[in-house]
Amino acid sequence: MQLKEIIKAIDGRLIYGEEHLDKEIEIICGADLMSDVLACHIKPRTLLVTSLVNAQVMRTADIVDLEAILFVRGKEPAEIVIEMAKDLEIPLIKTEHTMFKSCGILYQLGLNGCN
Amino acid sequence: MRLDFTIISDDFFAAGAASARIKKSLQQVGIPTSLVRRISVAVYEAEMNIVIHAYSGKISLELAREKVRIVVEDEGPGIEDIQLAMQEGYSTASEEARRQGFGAGMGLPNINRAADKFEIESTVDVGTKLVMEFNL
Ligand SMILES: Nc1ncnc2c1ncn2[C@@H]1O[C@H](COP(=O)(O)OP(=O)(O)OP(=O)(O)O)[C@@H](O)[C@H]1O
Ligand SMILES: [Mg+2]
Numbered sequence: 002m003q004l005k006e007i008i009k010a011i012d013g014r015l016i017y018g019e020e021h022l023d024k025e026i027e028i029i030c031g032a033d034l035m036s037d038v039l040a041c042h043i044k045p046r047t048l049l050v051t052s053l054v055n056a057q058v059m060r061t062a063d064i065v066d067l068e069a070i071l072f073v074r075g076k077e078p079a080e081i082v083i084e085m086a087k088d089l090e091i092p093l094i095k096t097e098h099t100m101f102k103s104c105g106i107l108y109q110l111g112l113n114g115c116n
Numbered sequence: 131m132r133l134d135f136t137i138i139s140d141d142f143f144a145a146g147a148a149s150a151r152i153k154k155s156l157q158q159v160g161i162p163t164s165l166v167r168r169i170s171v172a173v174y175e176a177e178m179n180i181v182i183h184a185y186s187g188k189i190s191l192e193l194a195r196e197k198v199r200i201v202v203e204d205e206g207p208g209i210e211d212i213q214l215a216m217q218e219g220y221s222t223a224s225e226e227a228r229r230q231g232f233g234a235g236m237g238l239p240n241i242n243r244a245a246d247k248f249e250i251e252s253t254v255d256v257g258t259k260l261v262m263e264f265n266l
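Heads up: the protein sequence lines correspond to chains A and B, in order. Just so we're aligned, residue 2 is where the first sequence starts under the numbering used here, counting upward by one. Just so we're aligned, residue 131 is where the second sequence starts under the numbering used here, counting upward by one.
The reader is advised that the hints may include incorrect statements.
[Stated by the list, open to error] Pairs of lysine to aspartate or glutamate residues, derived as EDC-like cross-links and limited to a Cα-Cα distance of at most 20 Å, are as follows:
hint, chain 1, residue 1, chain 2, residue 2
1, A, K76, B, E249
2, B, K154, A, D88
3, B, K188, B, E225
4, B, K154, A, D66
5, B, K197, B, D141
6, A, K5, A, E97
7, B, K154, A, E90
8, A, K9, A, E77
9, B, K154, A, E19
10, B, K197, B, D134
11, A, K24, A, D37
12, A, K5, A, E19
13, B, K188, B, E251
Simulated from the structure, these hints should not be mistaken for lab results.
Just chain A, with the same shape it has in the complex (with noise of 0.2 Å):
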């Protein structure tokens, strides 16, 4: 599925990534705790869905190769990490809904999860 039709399924935001939006996204790892994510075997076209926005989450994004970041709660990352997305090639996106109802409604598109 491509990440403009996650956007539109979540009720999201483009933070960064106007490029990217034709990114096929495959699987879904919801996770708080970046170990929790570096403990699974991230595969190609992973999108990470988190309420976490610091610069671990791209430092984490960049030494799995995450395809993309989901932001929930309507959280928004500060400026500093936005470049980081940037030089690393990730959208970013963010939607107003939790962790919960957001991962909710991807399995519901059909959408795997990590393992």
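Once you've looked at the hints, dock chain B with the ligands against the given chain A.
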């Protein structure tokens, strides 16, 4: 190839920069993607453990013909019970570290899983030393 980094505790913004540089360098010399992933995950966990649990530390990486050897050494409180620290879910991370996304108690187990060889030594009130090896 040899790379050396100095890590300072409690700097949550710079934290992870050494691991990012190591990942890039390994990619540039043509190490296979899956191995680069394993090495960067392990180094990042070790780097974050210095930031969260210790005072300061050093990471050194040596790329030899048949393996990558990484030594991470810190000055810090040390680990009293290594067996306990190696258990999944065990964590003494502070509230601040948890707010930053750490404290799952998965770091050392992640390193152990990622590396082909992993050794940990620690002296209370002195520091901790990790040696990890990855076969090429
Ligand atoms: N370098 C270190 N110095 C002192 N104590 C450490 C060090 N590394 C780990 N520990 C101790 O071992 C525990 C387990 O470490 P581990 O990396 O597995 O989990 P964590 O750092 O608490 O959380 P996570 O890595 O999942 O974010 C830590 O909570 C801490 O008590
Ligand atoms: Mg840790």
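Hint check results:
no.: 1; hint: K76(A) with E249(B); result: 40 Å, violated
no.: 2; hint: K154(B) with D88(A); result: 13 Å, holds
no.: 3; hint: K188(B) with E225(B); result: 25 Å, violated
no.: 4; hint: K154(B) with D66(A); result: 12 Å, holds
no.: 5; hint: K197(B) with D141(B); result: 31 Å, violated
no.: 6; hint: K5(A) with E97(A); result: 16 Å, holds
no.: 7; hint: K154(B) with E90(A); result: 15 Å, holds
no.: 8; hint: K9(A) with E77(A); result: 18 Å, holds
no.: 9; hint: K154(B) with E19(A); result: 25 Å, violated
no.: 10; hint: K197(B) with D134(B); result: 17 Å, holds
no.: 11; hint: K24(A) with D37(A); result: 24 Å, violated
no.: 12; hint: K5(A) with E19(A); result: 10 Å, holds
no.: 13; hint: K188(B) with E251(B); result: 15 Å, holds
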